[in-house]
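Peer 1: Chains as they are written, first to last, in the numbering used here: chain W, 1 to 243; chain V, 1001 to 1205; chain C, 2001 to 2222.
Just so you know, these hints were derived from the structure itself, not from any lab. Errors might be hidden in some of the hints.
With a Cα cut of at most 16 Å, we get these calculated EDC-like pairs of lysine to aspartate or glutamate [said to hold, decoys possible]:
no.: 1; chain 1: C; residue 1: K2002; chain 2: V; residue 2: D1096
no.: 2; chain 1: W; residue 1: K170; chain 2: W; residue 2: D122
no.: 3; chain 1: C; residue 1: K2002; chain 2: V; residue 2: E1093
no.: 4; chain 1: V; residue 1: K1190; chain 2: V; residue 2: E1154
no.: 5; chain 1: V; residue 1: K1190; chain 2: V; residue 2: D1160
no.: 6; chain 1: W; residue 1: K112; chain 2: W; residue 2: E48
no.: 7; chain 1: V; residue 1: K1122; chain 2: V; residue 2: D1096
no.: 8; chain 1: V; residue 1: K1134; chain 2: V; residue 2: E1120
no.: 9; chain 1: C; residue 1: K2002; chain 2: V; residue 2: D1105
no.: 10; chain 1: V; residue 1: K1190; chain 2: V; residue 2: D1168
no.: 11; chain 1: V; residue 1: K1134; chain 2: C; residue 2: D2077
no.: 12; chain 1: V; residue 1: K1122; chain 2: V; residue 2: E1093
no.: 13; chain 1: V; residue 1: K1134; chain 2: V; residue 2: E1093
no.: 14; chain 1: V; residue 1: K1200; chain 2: W; residue 2: E238
no.: 15; chain 1: V; residue 1: K1134; chain 2: V; residue 2: E1154
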Amino acid sequence: MWSLANPTRFLGIADHVIPWLAVLTFLLLGIGLCLSFFVAPPDYQQGETVKIMFVHVPAAWLAMFGYTLIALASIGSLIWRHPLADVAAKTAAPIGATFAFIALVTGSLWGKPMWGTYWVWDARLTSMLVLFLLYLGLIALWQSIEEPGRAGRAAAILAIVGFINVPIIKFSVDWWNTLHQPASIFRVGGPTIDPSLLTPLFVMAAGFTLLFALLHLIAMRAEILRRRVHALRQVHVERAAAA
Amino acid sequence: MPLTTSLAAHEISCQRGGRLLFAGLNFTLAPGESLLVTGPNGVGKTSLLRMIAGLLPLHAGRIESGERSVPLPELCHYVGHLNGIKSALTLRENVDFWVDFLGGDGADLEGAYQTFGLAELKQLPAGLLSAGQKRKLALLRLFAAQRPIWLLDEPSVSLDTPSVKVLDKAIAHHLAQGGISVAASHTPLKVRFTRELSLKRDPLQ
Amino acid sequence: MKEAWALFRRDVVLAWREGGTIGTALGFYLVVVAITPLGLGPDLNLLSRIAPGVLWVALLLASLLSADRIFHNDYEDGALDVLVTGRLPLELVAALKSLAHWVTTGIPLALLAPLLGLLLNLPTDAFPLLVVAMLTGTPALSFVAAVGASLTLGLRRSGVLLALLVLPLYVPVLIFGVATVSAASVGPASPWPPFLILCALSLASLVLAPIAAAAALRTASR
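Just chain W, same shape as in the assembly (with noise of 0.2 Å):
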C-alpha cells in the first residue's frame, strides 16, 4: 500500500493495470447483460421490467460501497496524510454520485409500471436520495475552496461527518416510512429474489464494481498529471516574475 503513495509508482502501475481492467470489466458487464436479458426469466407479475433491477440494485451497491471507500480515504488522508488519500476521495465522489443517481433514475423507471407514477417515497429510494444530496455537498465543498491542501482536508472531515451520519438517516428513514405507511408495502426487491435472478445479478454487480474501479483509476490518473500542470504553471509564473 505505502509503495503506492508515490504518485509517479502510481502512475506507472496504473498505466498497467488499465487496459486489462478495461477488457476484463466489459467483459463481465457483456456476459452481465447477456444473463440478464436472454437468460433470466421474465418475472410472472411485473414482466420483463423486473430486468431494470439488474442495474438498479448493483447501481445502488456501488453508490453505497463509494461513500464508504471515500470515508476510508478521508481517514487515511486526516490521520496519515496519505498523499493519495486526497485524490481518491475527490475522484470517487462525482463516480459514487453518478451511480447514486444511476439508482434513483432506474428505480424511478421501475417503478412506474408498478406504482403508477414515478416516484413514490419508498424508504430505500429515499434513503438513496439522501444518499445522493450527501454526494453534492461533498463535490460542492470540493469545487468552492481553492487552496487543494484545505479542499481535502475539509471535504475529509465532511465525509467522515456523513458517513457517520448514514446508519442514523437510514434508520430514520425507515422509521418514517413505516410511520405513513403501516399497511404492507410492495418492495421494490420483491418479497423473496429466485435463485435463477441471483446469477445475473452477482455478475452484474462484479461488473459494475470492475467499473467503479476502472473509472476510479482514470479519474486519479487524471487529477495526478492535472496536479502537475498547475504546479508546473506555477513554476513558470514565479519565475517570470523573479526575472
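Add chains V and C to chain W, keeping to what the hints say.
Peer 2: Below, chains V and C alone, put in the same frame as chain W:
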C-alpha cells in the same frame, strides 16, 4: 504564567497554497531578545509569525519555548494585520473580554489606556474609532494578560509618529522585563532589535 | 470557567447587538410559514395535518440563515485568532459558540412556533409538545450548523453551500421532531419514542459536532 521564556526554531519550513515559502530556518531567542523579520510581500513573514503562535501548522521542523508545561500558543500574544476587535462592543468590553478570556489580571491596563490615548473613549463602540485608534486598541491586548512572547505583524501600520514612539517604548519595556518580541515589518521600527531575519523569495523551487 | 463564560456572554451580546440577527431569523420563520398556505390552499384540515412538518422545515431553514455568522464574523475581523490562542481547547470554543447560537436563534424560534402554529390550524393541545420538541431538537440544529459553518469559512456563497451541506444531516432531527409533534394529532399514539430519539440526537451532536467543527477550523487557517 511564566514571565520569561526562551524561543527556539529548528529547521522549520512553511508551505502555503502548495508552494514552499521557506525551508531550513533556524533561530534562537533568549529572554530579553528580539527578532525583526523583513522581506518583500508574500515571502512568508506573516506565515512565520502565525506558525509560532500555533495558528498555522508547520510543514517541517519544530518550534519550542523554554517552558515545557505551557503550550506555546498560550505563551504568545499575536497581533496580526487584522485587529481582532469587535465593532459592536465598546472599547472597554473588548478589553475586558481579552482579560477574561486570555486569563489575565489587567494590572497594567489603566496605564496602557493612558499612554495610548484611549482612556476617554472606553464607553464608545469600537466601530466608531479611526483606523489608527483601532490599531492602538488591538495593541492594548498585549497588556490584557501577561505573556512573555509578543508576535507583532506590521504593528506600526496606521499609527502616527507619536503612537509609533509609544509602541517602541512598550516593546522596549517588555524586553527589559525579560520578554521576547518577534516583529515583522517592512518599514523600520525605532526599537533596536537583537537580530534581524531577512526572508528572501526563492525563485527556483 | 471564567474564560468559557466570557466567550459565551460575548457571543450572546454580539448576536443581540449586531443589527437584527435574531429579528431576521424570526421574521424569516414567519414569512415562510405564512406563504405556505398561499401555495397549498386554505383548507384547514389539510393545513392542520401538515402543520408539524411545515413548522419544522421552516425552522430548519430559519436556523441555517444565521448559521454562517457562528464563525464568519470572528474570522473576518481576526478575533478568531485570539480565540484559538486562548486557554480553552478549540472544541470547547466551538461548543460554546454553538450554544450561543442556540440561545440566540434556536430558543426564540422554538418559542415563536406555537404562534405560527395558529396560522396553520395546529391543534392547540399540540402546542406544549411543539415547544418542547423544538427546544430539544434545536440544539442539534445549532451544533451541526456550526460544523457546516466551520467547513465553509471564508468561502464565497458560503451561506448556500452551508445549507447544501447541512440539510441532509438534518434529516433525522426533522423526522423525529415532526413525529413527536404529530403524535398528538396524527401519528403514533405516544410521542415518547420519537422524543427520546430526538433527545439522543441532540445529546450526541452536543458531544460530537464540536470535535468536527474544531477540526474544520484548524484546516481553515490562512
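Peer 1: Taking the earlier hints as the rules, which of them does this structure contradict?
Peer 2: none
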